[in-house]
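Trainee: Below are the chains, spelled out letter by letter.
Number of protein chains: 6
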Amino acid sequence: MSRPKAIEYADAAPQVRAVFNDIKRTRKVDDVNNFWKYLANDPALLKRTWESVKEVMAEGALSPLIKELLYVAVSVTNGCGYCIASHSASARKAGMTEAMFGELMAVVGMANETNRLASGYRVAIDQAFG
Amino acid sequence: MSRPKAIEYADAAPQVRAVFNDIKRTRKVDDVNNFWKYLANDPALLKRTWESVKEVMAEGALSPLIKELLYVAVSVTNGCGYCIASHSASARKAGMTEAMFGELMAVVGMANETNRLASGYRVAIDQAFG
Amino acid sequence: MSRPKAIEYADAAPQVRAVFNDIKRTRKVDDVNNFWKYLANDPALLKRTWESVKEVMAEGALSPLIKELLYVAVSVTNGCGYCIASHSASARKAGMTEAMFGELMAVVGMANETNRLASGYRVAIDQAFG
Amino acid sequence: MSRPKAIEYADAAPQVRAVFNDIKRTRKVDDVNNFWKYLANDPALLKRTWESVKEVMAEGALSPLIKELLYVAVSVTNGCGYCIASHSASARKAGMTEAMFGELMAVVGMANETNRLASGYRVAIDQAFG
Amino acid sequence: MSRPKAIEYADAAPQVRAVFNDIKRTRKVDDVNNFWKYLANDPALLKRTWESVKEVMAEGALSPLIKELLYVAVSVTNGCGYCIASHSASARKAGMTEAMFGELMAVVGMANETNRLASGYRVAIDQAFG
Amino acid sequence: MSRPKAIEYADAAPQVRAVFNDIKRTRKVDDVNNFWKYLANDPALLKRTWESVKEVMAEGALSPLIKELLYVAVSVTNGCGYCIASHSASARKAGMTEAMFGELMAVVGMANETNRLASGYRVAIDQAFG
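Going down the list, the protein sequences come from chains W, F, G, U, L and V.
Residue numbering for the first sequence is 16 to 145, as defined by our numbering.
Residue numbering for the second sequence is 16 to 145, as defined by our numbering.
Residue numbering for the third sequence is 16 to 145, as defined by our numbering.
Residue numbering for the fourth sequence is 16 to 145, as defined by our numbering.
Residue numbering for the fifth sequence is 16 to 145, as defined by our numbering.
Residue numbering for the sixth sequence is 16 to 145, as defined by our numbering.
Relax, there's no trap hidden among the hints.
Only pairs whose alpha carbons sit at most 27 angstroms apart, straight line, appear in this in silico DSS-like list of lysine-lysine:
1) G:Lys39 with U:Lys62
2) W:Lys20 with U:Lys108
3) V:Lys69 with F:Lys69
4) L:Lys39 with W:Lys62
5) G:Lys69 with U:Lys62
6) U:Lys39 with G:Lys62
7) W:Lys69 with L:Lys69
8) U:Lys20 with V:Lys108
9) L:Lys69 with W:Lys62
10) L:Lys43 with L:Lys69
11) W:Lys108 with V:Lys20
12) U:Lys69 with G:Lys69
13) F:Lys39 with V:Lys62
14) V:Lys69 with F:Lys62
15) L:Lys108 with G:Lys20
16) V:Lys62 with F:Lys62
17) V:Lys62 with F:Lys69
18) W:Lys69 with L:Lys62
19) W:Lys20 with W:Lys39
20) G:Lys62 with U:Lys69
21) V:Lys39 with F:Lys62
22) U:Lys62 with G:Lys62
23) L:Lys62 with W:Lys39
Just a sample of chain V residues kept apart from chain L, beta carbon distances all over 12 angstroms, derived:
24) Ala33
25) Arg42
26) Thr112
27) Asp141
28) Phe144
Residues on chain L that point at chain F, a partial pick, calculated with CB under 7 angstroms:
29) Asp57
30) Leu60
31) Gly94
32) Cys95
No lab work stands behind these hints, which were simulated from the structure alone.
Just so it is clear, CB atoms sit at the ideal spot from N, CA and C, and this is done for glycine as well.
If we strip away everything but chain W, and leave its shape as in the complex, we get (with noise of 0.2 angstroms):
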């Protein structure tokens, strides 16, 4: 009934223990992080958002490092600061550079710029954008 605490392995029920088993086989980690574990709070939710997060996630039209990279795009976005420090390190785990990370942090910053000055100065859509 207090603040949700972590769900070590050893502690786990078979099926988060499955879920668990899964991201360390599908990711080549040792331990999931933090994240899966106060999720294991719930089981249900544990197993859906694993699942959805490796279909989406996967190689697919866009590459692990550019779906990365828009991850800490969104993150940083919304001022999420656990998904900032982890998918940032995802991000360099699956190559983004220094110049990559400072190039990244640019976008975004410009993007949340102009996004209000458009917003502020009621810009009308182009017909061209339909």
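Let chain W serve as the given structure and place chains F, G, U, L and V on it in line with the hints.
Mentor: Below, chains F, G, U, L and V without anything else, positioned relative to chain W:
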């Protein structure tokens, strides 16, 4: 005293025309988007914003296509209608396919979801993320 | 049971009319904005909101003009179309010039940009700021 | 000239103590939360905010539990750390079980996701919704 | 390559039709909302989103009505026009009265206000909240 | 490749030092804030951001105090902890009194509330606002 209006080239002051010309040259377009025509109400803001955008969106460690995808990700997260319309168009021009757009939306959606799960569960930052 | 509708003075219950009258008297206007006509669907919400707004927006340590500029800054940051339209109009009525509007937009844009840079770089709070 | 500080009952002016007393009486608690102690720096803001919160959160067409769940949903969407902590606690006190918390997080996460999908795909409003 | 378009049942691929059919069956409706018709541009996104929404919005520890109220609360906080329209309609269908809607708006408004007061005053988290 | 770190003057490249020197000269301070030390990881981003901020925050149609109040309003709305701390300090330095801070918070809180009421009630824009 009313709603801001677009300033067309024909009615623009010389320093505004100079920016419009540079946008058209840089982007190889016949006319600038409405966004710039509205910013033209404040020539200093127009000039500074364009010069920043030009520098930020240029080819660098990240390609123009990736930068446009990031711009869309931010604009969608902020719910900026004009920006979604204009940067989706720019992204398509820069090479975004329909398959890429679908995956972009999927990542942006998922990131907005997990950002809230991380905040709501008050997930502690993993030691590995510093 | 469908889309909320504006309630006009002629159709309003006495306690709604009383609020409308106070708005018109306080603001020296002939009719209230649509915002109040929609809130009139819930007379308690209408009354409480108006009384709070009236108290908050009154001349104080900050002038009504500064308060309207702040209102626009928040509305633009939130991307609230109605609020941008109505509070830009109020700000102009309170004395906002075109030059002020341009600088307001510039500050709001820049603040939205640097807010994300600070979050994205995970900037530690300076000791001086406590 | 520094960071705002909490004002304790012992150091509070009479009109602040009056509000603190009403909060303690209404909520049947021995002390008020930090939120109120900080607002006490501006007695008018404290009084108006408490009176609005008291009126809004009272039993009505919606129960206090549902209202606290809604408060958590908004706080999580905004990423407000203090508000998530304090309103999760209030919700638990009002009867929120762990199962409810898990479902609350699931709905909030999903709504944040589909909000962006609707914006990103620029979905036209169905005629039925007006 | 232009603005995304709705995909009608008659033009839909078999795997899209299968999802549309399941939505119609589950919700007992004659046609799906525009939201699903736009997502149909990416069949994998459509299927995953529907299956998640179906699972999340089902009767559980929280009733479908409470879940729809939460959905509206998030959508209003994010300012998502389409989502406000469609989930207000769903909430009404699930039993939301006009009195409930007014209180919902009041709570959402108040939560958005106090979220900012807590952030602006940099309120320290009470020891009791962990 | 880990968490971004502050770059101190002693360790900074010449083009970074040049920006630091200009900040110190312009603001008449002995050292720059952490914000600039982190941006120094990307010298081009540092230079562009500083030059824009310097131009935007200068005395103009709006005073530096009003501009700092606007900066705080945006930062509070976005819930950016670092930005609230640093710009509250700047605003105080520029002349913000405690009474002004209280009214600033009141306006920001109220604007965030009424923004949601306007969106939730789907208020139609008054003809007078265009």
